[in-house]
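**Q** Now for the letters of each chain:
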Amino acid sequence: MKWYYLYIVPIFILVIWSLVSGFELVSPILLPTPWKVVSALFEILFDKDKNILFDIGLTCYRTLSAFIISCIFGVPLGLLMGYNLKVFRAFEFTVDFFRSIPPIALFPLLILLLGIGELAKLGVPIYGCALIIIVNSIYGVLNASKLRRLIGQVYGFSKNRIFWKIVFPDSLPQVFAGMRIALSLSLVLTIVVEMTIGSNNGLGKKIYDFHLLFDTPEMYGAILLTGIIGYLLNKGFIKIERKVVHWREK
Amino acid sequence: MNKDIIISVNSISKTYPSNGKTIIAIQNLNIDVIQGEFISIFGPNGCGKTTLVNLLAQIDKPTSGSISFYSNNQPKISIVFQDYNNSLMPWKSCLENIFFPLENSDQFTLQEKEKKVFNILDLLGIKNRLPLKNYPYQMSGGEKQLTSIARALITEPDILLFDEPFASLDFQTRLEMISIVENIWLQTKKTTIFISHDIDEAIRLADRLLLLSPRPSSIIKEYDVSLKRPRTIETETDIRFIELKNTILKDFTKLIER
Numbered sequence: 000m001k002w003y004y005l006y007i008v009p010i011f012i013l014v015i016w017s018l019v020s021g022f023e024l025v026s027p028i029l030l031p032t033p034w035k036v037v038s039a040l041f042e043i044l045f046d047k048d049k050n051i052l053f054d055i056g057l058t059c060y061r062t063l064s065a066f067i068i069s070c071i072f073g074v075p076l077g078l079l080m081g082y083n084l085k086v087f088r089a090f091e092f093t094v095d096f097f098r099s100i101p102p103i104a105l106f107p108l109l110i111l112l113l114g115i116g117e118l119a120k121l122g123v124p125i126y127g128c129a130l131i132i133i134v135n136s137i138y139g140v141l142n143a144s145k146l147r148r149l150i151g152q153v154y155g156f157s158k159n160r161i162f163w164k165i166v167f168p169d170s171l172p173q174v175f176a177g178m179r180i181a182l183s184l185s186l187v188l189t190i191v192v193e194m195t196i197g198s199n200n201g202l203g204k205k206i207y208d209f210h211l212l213f214d215t216p217e218m219y220g221a222i223l224l225t226g227i228i229g230y231l232l233n234k235g236f237i238k239i240e241r242k243v244v245h246w247r248e249k
Numbered sequence: 000m001n002k003d004i005i006i007s008v009n010s011i012s013k014t015y016p017s018n019g020k021t022i023i024a025i026q027n028l029n030i031d032v033i034q035g036e037f038i039s040i041f042g043p044n045g046c047g048k049t050t051l052v053n054l055l056a057q058i059d060k061p062t063s064g065s066i067s068f069y070s071n072n073q074p075k076i077s078i079v080f081q082d083y084n085n086s087l088m089p090w091k092s093c094l095e096n097i098f099f100p101l102e103n104s105d106q107f108t109l110q111e112k113e114k115k116v117f118n119i120l121d122l123l124g125i126k127n128r129l130p131l132k133n134y135p136y137q138m139s140g141g142e143k144q145l146t147s148i149a150r151a152l153i154t155e156p157d158i159l160l161f162d163e164p165f166a167s168l169d170f171q172t173r174l175e176m177i178s179i180v181e182n183i184w185l186q187t188k189k190t191t192i193f194i195s196h197d198i199d200e201a202i203r204l205a206d207r208l209l210l211l212s213p214r215p216s217s218i219i220k221e222y223d224v225s226l227k228r229p230r231t232i233e234t235e236t237d238i239r240f241i242e243l244k245n246t247i248l249k250d251f252t253k254l255i256e257r
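Chain order of the listed sequences is A and S. Under numbering that gives the first Met the number 0, think of the first position of the first sequence as 0, with each following residue one higher. Under numbering that gives the first Met the number 0, think of the first position of the second sequence as 0, with each following residue one higher.
Hints may contain errors.
What the hints assert, rightly or not - Computed list of lysine to aspartate or glutamate pairs in DMTMM-like fashion (alpha-carbon distance at most 20 Å, straight line):
1) A:Lys242 - S:Glu95
2) A:Lys164 - S:Glu163
3) A:Lys164 - S:Glu102
4) A:Lys158 - S:Glu102
5) A:Lys145 - S:Glu163
6) S:Lys188 - S:Glu142
7) S:Lys91 - A:Glu240
8) S:Lys132 - S:Asp157
9) S:Lys91 - A:Glu248
Simulated from the structure, these hints should not be mistaken for lab results.
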């Protein structure tokens, strides 16, 4: 594969964008030129008065803490559900039911219960991520090799030991796949929550404010920033994933 | 009761439900395994060989009949499976895979385990044959199956059970594996049960060959293989080898045409 394949589509989009905005085929208020967006991006990053570094930090902090909390709950519960039929049966309906409720639909309820502080904001991404992590952890255990489990039995391993020495490592590739999806979703849900009522900081709030003030270049800049953050989080996680479950897909 | 018999399989049957019907996998099967012998079990596809393996390894219980073990205590059984990709732990290196069964007890240090692994490999004469630091996905099929064999031996089992171990290997590797397995047996004289649907390797390795019928399976016939050891690829061109093979194949053909 040629190295430049990676850049063909982005450059194509950039060229189209430059042409359309340069010739003002669309109103500049709706679509500023790439150059304007980039300079706005630098302004909101480095200009003393406009800078939104604090909001970026907050969004990252919320994204990561929601992700970590949902892992702490989701992974053990998912693994247990996959390994123990009784636990599976006990939680199956509940998990399936809540899976059908869009996380953001719960936000008003969470505000009611937890107030408009950080807790309600974290609640939505935690809820969304935990379900994905639970479901993937269940399948991680269910898809673990039956033959390897049998080998544990042949060598007289206890049920406990079969789990920790065989089933748990065997489930890790799927668990990590679920965590990777959850991490991306955590950012999405955090931004959405920051855009809604009762929020006064974070990248989502900034995007919404720029939108209200018709600061379109800044809005585009902030949107690009969320894209960059999401991309970097995903790439970083893939690096960790490759290290931990190095045997995956080989 | 003959003192030398280590396992006695007494008219066992095994049935299991499948799609509402009852499938008889094994019916009235008898085997007496003598201490230290090499038995090959040969039969057509789908004759309940895997069921038999599970019964012998006591992972599964027969529906009727019994399997008795005659030794001081419960004999240790190790199994080498056909599917080496799924039987090795992909997250463990070759060396760690070999000493995996010993992880059942915490009384060994890493150094002791390494020493044990080296001893086993030395015994098998394959010390330099295995890339001990590599992971299964970095190893060839033959190396993976050798790793499984070494793993089976590290527990110092009383009985070695092979379940079509070379069916997924290429011809050249298979030939190498056959001599390694014979060599192991000559070195250790461990009771070995070798299940195969390859007639050449079944005869080549066996002291005694049992012919299994299609489902519901039972032992149809028994053949003594009294060819000189160690056997080589030339053994397979020996007139006695060919005659025995012809006899078995004739019986086999009759069996599947029935």
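**Q** Decide, hint by hint, whether the structure agrees.
**A** Hints versus structure:
1. A:Lys242 - S:Glu95: 18 Å, holds
2. A:Lys164 - S:Glu163: Roughly 26 Å between the alpha carbons, so the hint for Lys164 (chain A) and Glu163 (chain S) is violated.
3. A:Lys164 - S:Glu102: At roughly 8 Å apart (the allowed maximum being 20 Å), Glu102 (chain S) and Lys164 (chain A) satisfy the hint.
4. A:Lys158 - S:Glu102: Between Lys158 (chain A) and Glu102 (chain S) the Cα gap is close to 14 Å, so the pair holds against 20 Å.
5. A:Lys145 - S:Glu163: 18 Å, holds
6. S:Lys188 - S:Glu142: 23 Å, violated
7. S:Lys91 - A:Glu240: 16 Å, holds
8. S:Lys132 - S:Asp157: Distance of about 28 Å is beyond 20 Å: violated.
9. S:Lys91 - A:Glu248: Distance ~15 Å between Lys91 (chain S) and Glu248 (chain A) Cα, so the pair holds.
Comparing the model with each earlier hint shows violations of hints 2, 6, 8; every other hint is respected.
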